[in-house]
Structure formats: C-alpha cells, structure tokens
Amino acid sequence: DQQVKQNSPSLSVQEGRISILNCDYTNSMFDYFLWYKKYPAEGPTFLISISSIKDKNEDGRFTVFLNKSAKHLSLHIVPSQPGDSAVYFCAASRGGSQGNLIFGKGTKLSVKP
Amino acid sequence: DVKVTQSSRYLVKRTGEKVFLECVQDMDHENMFWYRQDPGLGLRLIYFSYDVKMKEKGDIPEGYSVSREKKERFSLILESASTNQTSMYLCATAGGGLLAKNIQYFGAGTRLSVL
Chain A
8 DQQVKQNSPS LSVQEGRISI LNCDYTNSMF DYFLWYKKYP AEGPTFLISI SSIKDKNEDG
68 RFTVFLNKSA KHLSLHIVPS QPGDSAVYFC AASRGGSQGN LIFGKGTKLS VKP
Chain B
15 DVKVTQSSRY LVKRTGEKVF LECVQDMDHE NMFWYRQDPG LGLRLIYFSY DVKMKEKGDI
75 PEGYSVSREK KERFSLILES ASTNQTSMYL CATAGGGLLA KNIQYFGAGT RLSVL
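Top line first, the protein sequences correspond to chains A and B. My numbering applies: residue 8 is where the first sequence begins, and numbers increase by one. My numbering applies: residue 15 is where the second sequence begins, and numbers increase by one.
With the rest of the complex left out, here is chain A (with noise of 0.2 Å):
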C-alpha cells in the first residue's frame, strides 16, 4: 500500500503563477517531510523539508504547508518560472537512525511561458 501518494501525476500551470503540489500520506509516525526536485537524466535533488512539529516553512518563491490532522502536505512555488519544470516527488522519513525515507510517484509540473 502506498504510505506517500501524490494522486496527481501532472499539473500545467502559467509562468508568474503558483504552483500547487500536493502530498498525502498515512502513517502518523512520519516525523519528517522533503520535495525534491528531478530533471531528466538527473538525480533529485533537495528542495525543501518541513518538520512535523511545523506547519510551514519557505525558503524564497517555495513554501511548504503541513497539515497534520488531514496528513496533507503542499509545495507553493510562487511565482513560477519556467526552469520549475521538473518532476517534483514528496518523501516522508520513516524515523529511525538511518532517516530512511519513503517517496511518492512523483508530479510532473510543466510551467508555459
């Protein structure tokens, strides 16, 4: 079963726009949240993280919200551009001393100029 679902696959949105991705997950033990960002024939690299005793936390145009009660988190790239185009994946750490982290399908955002 997935335990970190982005039920989006893709999302289409205007340069100068917000981008919205969204992330769910299931197991309320998850105590930490990162998005990554991939290009093609690259390997992901760190976006953004959130702790699970946070709500949000933004670092420049990104921002991340966490909503525990509806174990919901979102990325909000504002404004967008169109070097965002990527493929963003959700992870959440499953705890522990290694940090293991258990990733979403990933969403593919295209931004148009």
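The hints are simulated quantities; they were obtained by calculation from the structure and are not laboratory data. Virtual Cβ for every residue (Gly too), placed ideally from N, Cα, C. A portion of the hints provided could be inaccurate.
Stated by the list, open to error - Partial list, computed: chain A residues near chain B (C-beta under 7 Å): (1) Ser35; (2) Gly50; (3) Phe53; (4) Glu65; (5) Phe69; (6) Ala77; (7) Phe110; (8) Gly111; (9) Lys112; (10) Gly113.
Stated by the list, open to error - Derived coverage of chain B by chain A (criterion: at least 3 residues anywhere in the stretch with Cβ under 8 Å from a Cβ of chain A; other residues may be distant): (11) 30–36; (12) 53–65.
Unchecked claim - Derived EDC-like pairs (lysine to aspartate or glutamate); straight-line CA-CA distance at most 20 Å: (13) Lys44/A to Asp52/B; (14) Lys17/B to Glu49/A; (15) Lys115/A to Asp52/B; (16) Lys71/B to Asp8/A.
Let chain A serve as the given structure and place chain B on it in line with the hints.
This is chain B only, laid out in the frame that chain A set:
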C-alpha cells in the same frame, strides 16, 4: 557541496550477466542508499547501509545484493541480470545527526538496460 558519483551514466548488459553499479561519496556520510526509479512508480528503496559492512534490505531487495567495504563506497550487485531490472538506478547518501540524516543527496543515476 556533497558529491555523489555513480560510475556509469548508461549501461547495457545481457540477461544473466553479473552487474556491478558503483557509488562513491566524498562527504564522510554514514548512510548510503540504492533506489530504482521506474515510470509511474517513483523511487523505491532496494538496500541501504548505515555503516561499513552493514546493510539492510529496503522495499524491493529481491535479485540484488550490496557491498560496503569502505565508508565512501557502496556497490549494488545484480547477481544475474534480468530484463525486469532495466531501470534508472540512483545512489544517495545522508549524514548522521537528528536532522541531517533525513536529507539525502543523490547521484546523477545509472540507466541500466538489460537485453
């Protein structure tokens, strides 16, 4: 900057061959991971290691083994490659510490084709 180097970007192998995928990191990280990425399936953990000579199975270890003889190097081994192991393989590392352990840094990936 963390550097995670995977020895090959592209590999073509024949069914039944033994395949070695190598990963080297330069950040003295304790934790290293091997994933495969397939369309529509996201990243799935194959094996991980939290110390030299230590290894743990991930979610899909069948058909794979790993080796970690030195802290900086983590190898993924396909004992007898099969066509269903055609995939993008990604190595990642993470440091120790309460928060650092959660952030994994990835190599560029190896696209393996098994014919």
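For each hint, the structure was consulted:
1. Ser35: violated, 17 Å
2. Gly50: Nearest chain B Cβ about 3 Å off; hint holds.
3. Phe53: This interface hint holds because 5 Å falls under the 7 Å limit.
4. Glu65: Cβ of glutamate 65/A sits 17 Å from chain B, so the hint is violated.
5. Phe69: At about 15 Å, which exceeds the 7 Å cut-off, the nearest Cβ of chain B leaves the hint on phenylalanine 69/A violated.
6. Ala77: violated, 21 Å
7. Phe110: holds, 4 Å
8. Gly111: Interface hint status for glycine 111/A: holds (6 Å vs cutoff 7 Å).
9. Lys112: Because about 4 Å separates lysine 112/A from the closest Cβ in chain B, which is inside the 7 Å limit, the hint holds.
10. Gly113: At 5 Å from the nearest chain B Cβ, glycine 113/A passes the 7 Å test, so the hint holds.
11. 30–36: violated (count 0)
12. 53–65: holds (count 8)
13. Lys44/A to Asp52/B: holds, 16 Å
14. Lys17/B to Glu49/A: With a Cα-Cα distance of about 13 Å, the restraint between lysine 17/B and glutamate 49/A holds, given a limit of 20 Å.
15. Lys115/A to Asp52/B: holds, 14 Å
16. Lys71/B to Asp8/A: Within the cut-off at roughly 18 Å; holds.
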